[in-house]
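Starting from the given sequences, assemble the full structure and let the hints guide the process.
Chains as they are written, first to last, in this note's numbering: chain A, 1 to 337; chain B, 1 to 342; chain C, 1 to 281.
Please keep in mind that the hints were generated in silico from the structure rather than gathered at the bench.
Ideal Cβ placement from N, Cα and C applies to all residues, glycine included.
Check each hint, because a few of them may be wrong.
[What the hints assert, rightly or not] Computed, partial: chain A to chain B, Cβ under 7 Å:
no., residue
1, Arg100
2, Leu118
3, Asp130
4, Val131
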Amino acid sequence: MNAPTVSAPTRTEILSVEDLAVEFRTRSGIVRALERVSFRIRQGETLGIVGESGSGKSVTAFTVMGLLDRAGKVTTGQALFTTEAGKQVDLLTTPEKELRLLRGKELSMIFQNPRTALNPIRRVGKQIEDVLRCHSGLKGQALQERAIASLAQVRIPDPATRYAAYPYELSGGMCQRVMIALALACSPKLLIADEPTTGLDVTTQATVMNLIKDLAVQQNMAAVLITHDLALASEYCDRIIVMHAGHVVESASTHTLFTAPRHPYTARLIASTPEPHKTFADLLPIPGNLPDLRSATLPPCRFSGRCDRHTPECDQPPLPNTTVAPGHQVACWHPLE
Amino acid sequence: MAKTSKGTIIAQRLLSSLPTVIGVVIVTFLLTRALPGDPAAFFAGPAATPEAIAEIRQTLGLDRSLPEQFFIYLGELARGDLGNSLTTGQTVVYDLTTRLPASLELTLAGLAFAIALALPLGILAALRAGSWIDHGVRILATAGVSLPTFFTGLFLLYVLYFRLGIAPPPTGRLDILYSAPNQVTGFYLIDSLLEGDLELFWASLTQLVLPAITLGLFALAPLARVTRAAMLGVLSSDFIRTARASGLPPLQVLFGYAFRNALLPVVTTFGVVFSFLLGANILVEKVFAWPGIGSYAVGAVVASDYAPVQGFVLAMALLYVVLNLLIDMLYVVIDPRAGVET
Amino acid sequence: MNETLRHARYVMGENLVTFGAFIFFFAMVLFAIFGEAIAPYNPLASNSALALQPPSFAHWFGTDELGRDVLSRVIVATRLDLGIAVVAVALSFVLGSILGTCAAYFGGWCDRIISRLIDTLMAFPLFVLAMGLVAALGNTIENIIYATAIINLPLYTRVVRSEVLVQRQAGYVEAAHLVGNGHLRIMGNHIFPNVLPVTMVHISLNMGWAILNAAGLSFIGLGVRPPTAEWGIMVAEGATYIVSGEWWLALFPGTVLMLAVFCFNLLGDGLRDLIDPRMRT
Chain A
1 MNAPTVSAPT
11 RTEILSVEDL
21 AVEFRTRSGI
31 VRALERVSFR
41 IRQGETLGIV
51 GESGSGKSVT
61 AFTVMGLLDR
71 AGKVTTGQAL
81 FTTEAGKQVD
91 LLTTPEKELR
101 LLRGKELSMI
111 FQNPRTALNP
121 IRRVGKQIED
131 VLRCHSGLKG
141 QALQERAIAS
151 LAQVRIPDPA
161 TRYAAYPYEL
171 SGGMCQRVMI
181 ALALACSPKL
191 LIADEPTTGL
201 DVTTQATVMN
211 LIKDLAVQQN
221 MAAVLITHDL
231 ALASEYCDRI
241 IVMHAGHVVE
251 SASTHTLFTA
261 PRHPYTARLI
271 ASTPEPHKTF
281 ADLLPIPGNL
291 PDLRSATLPP
301 CRFSGRCDRH
311 TPECDQPPLP
321 NTTVAPGHQV
331 ACWHPLE
Chain B
1 MAKTSKGTII
11 AQRLLSSLPT
21 VIGVVIVTFL
31 LTRALPGDPA
41 AFFAGPAATP
51 EAIAEIRQTL
61 GLDRSLPEQF
71 FIYLGELARG
81 DLGNSLTTGQ
91 TVVYDLTTRL
101 PASLELTLAG
111 LAFAIALALP
121 LGILAALRAG
131 SWIDHGVRIL
141 ATAGVSLPTF
151 FTGLFLLYVL
161 YFRLGIAPPP
171 TGRLDILYSA
181 PNQVTGFYLI
191 DSLLEGDLEL
201 FWASLTQLVL
211 PAITLGLFAL
221 APLARVTRAA
231 MLGVLSSDFI
241 RTARASGLPP
251 LQVLFGYAFR
261 NALLPVVTTF
271 GVVFSFLLGA
281 NILVEKVFAW
291 PGIGSYAVGA
301 VVASDYAPVQ
311 GFVLAMALLY
321 VVLNLLIDML
331 YVVIDPRAGV
341 ET
Chain C
1 MNETLRHARY
11 VMGENLVTFG
21 AFIFFFAMVL
31 FAIFGEAIAP
41 YNPLASNSAL
51 ALQPPSFAHW
61 FGTDELGRDV
71 LSRVIVATRL
81 DLGIAVVAVA
91 LSFVLGSILG
101 TCAAYFGGWC
111 DRIISRLIDT
121 LMAFPLFVLA
131 MGLVAALGNT
141 IENIIYATAI
151 INLPLYTRVV
161 RSEVLVQRQA
171 GYVEAAHLVG
181 NGHLRIMGNH
191 IFPNVLPVTM
201 VHISLNMGWA
211 ILNAAGLSFI
221 GLGVRPPTAE
231 WGIMVAEGAT
241 YIVSGEWWLA
251 LFPGTVLMLA
261 VFCFNLLGDG
271 LRDLIDPRMR
281 T
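See the structure below:
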């Protein structure tokens, strides 16, 4: 195993997403799933994307990966990715052929429900080999050794034996480790983890998250953690962006976000998160639901229908995106003080 | 994890087909005794004297109780005695075994044709779900299963042989100009190749094409439908997303990952497909004068020659049991999860 | 109810093919009921002067070797072909429902015996079994019906059994029990109505198959005998003439047979979309 080479982290920007908008064409109308989504992430940094289900977290990830299904269309924006070779490419306009060569090699993704995310009738070692073969050109013995090394790297006990296991023979936590091994086999520069602990036992959740964090630090890799779990994000992320109904409502460093949230939604979200000293009665539910994204008359601020600070001014486009402090943006007319 | 070894699973499957075989034997026995009126008279044939009938009644054991008769029947089966055919004058077992290869060759050729067409169509329909290709395949599949095989066969014959003169006449496995290859496998296609006789191979192939297509069209529908459904299910599954996110080449994702998984439900429908094929086989053989066991049975039915019909039913049922067993084993081989306690 | 109607209209409008099948279905029913009145000629009247005439204005589908009008014979045959299929499917539906409901409702030995019986029937290639049954029971139309009913029995028994198994767990069955309803009453009044929609789909798909089977049996000389008009036997009789160029003898009855089966299969598909869109494959 390679010794971790923590050279002084060169904080180059890995991914910069600007003004991304995505639409889905469905039978019941056009769903404006993402609008004005911007964020950046640097090498060695862990960025959290937090929001309720349906807020567009996963769509953002899939768009960046070029895995949107055919109904989805990128209408505006760019996603600049700095490749290994130091070139900047826009992931949104890169042809699928070239994008495919980046996926799994320079940008990887892991998913929720690891048991179904692996091919049920192929040995896990072979699945890792498939990825290595297509990106590294390794063959035969060397290929197998690399695959086993990848399994060892994610601390799977007895990797040489596990290499020949089928997913159904492994526990959920083991499967997620295999998924991580698969994603990191080619040492990508960016890892997107989409709800990586959903569907796992509570005890395994921490193990898996620590593993991701350790490996990210070790490989000086940028990581995006997508989760609905604020507590999880607060523990593992350097910066957090909060999404609501396809908009980024606030982005800040983790500490700032939790100590001084400026967007009413962020504040609500924090108030509704369970913590050890809170009783159930302390938890504040957020009133209302996500607005219907198919509606032609979506208000500029998509939180306005649920917001107690709502004024007529809020219905005037465009919604501001104010930098309230260095590295702290809020998309609100009336941010909290 | 408790997991039974593949050998044990296969042995279990073999054992579990035993009751089925017993059931089949009981049903065919009941069929031989279900003849209306006097079975002995039927077996003796229309021209038999009363003495001959009485003698047959005794040799058949029809004067004894039903359970006794059943054991006699079992004994005969064990000796490989299915009676004699009145029309050919041979034992039924001899007739069936000499004609079986022709039927098998036709059935397998039909299956091969159906698979060769159904799998790509099903995959295509799944990849373009909702498109005109998908609707086309759906209608084609429904039409395919609606075709009366005997009518399709006649229609193809009329157009391709009578009108266009492309296909050879429906004279069985070979044109009368050729003589059959030495029997090794009983499959003319293979035997002619073993002899190195390409002309003979071509001759038997051209004879086989039309009946095989007729037969295959009928089996096309269930295969195409299941392939489409299975592919649709697999393509939207999580592990395909993982494969795409890992940057695997599209062809590897489609065939190495998606298709292999989709194959599992397809294999399980082979049972139904064979039931279709073996039944339709009878009609196709009659239309194309194919000298298999189907046309043999039809000839026997028309001549009220019952022993061959019953022997045929038993043989087909046993063949079907064996085929189902093979399908089961194929499944065990290709699905690593087979035999896992869930 | 309004919702269902709207959905029905949606399925119909969405799928013109289903609509066409519906029209064809009504035409068939008309022919089956009023066949003799609609047919332009007597289907059995032979006239050697008119033997083997190709299709013309007087005889749209031509005439056969005995000078009988093929069109009239095809029309009149509708009743027999549909009749066989309807009776056979009805028989196997009723018997299969009873067996399936009993197997699922009582479980245990009852289930084991019924399932074993069904498995044994399924161990035969079904058309072969039908052929063996007709050959053994005797070469009559009734026996064609019985044979077709028997080979369809496994389908209904299985479908009903698995549906009832699901329904049996439902809360309302338990409730009906507690209120003091007897077994028969629960099965008949409570469970079965809930199982019916799914079986309806199968009935439609099954009708086409039953017609095919019956026609196939008469094609090989079982059941229906000349001079009775029936599609399968007409194709068989026409087959001898096809190689001498008289194609219309086999083509018209064969095409109508095919359309009839196609029609039922399409209706079954439409019905499936109507009742449960998720079942669509």
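ask   = For the hint on Asp130 of chain A, does the least C-beta distance to chain B fall short of 7 Å?
value = 6 Å, holds
request  = Grab the minimum C-beta distance from Leu118 of chain A to chain B and call the hint holds if it beats 7 Å, violated otherwise.
outcome  = 6 Å, holds
Restraint satisfaction for Val131 of chain A [CB to CB of chain B, less than 7 Å] = 5 Å, holds
request  = Have a go at the Arg100 of chain A hint: is there a Cβ in chain B nearer than 7 Å to its own Cβ?
outcome  = Constraint on Arg100 of chain A satisfied, holds at 5 Å.
No hint from the list above goes unmet by this structure.
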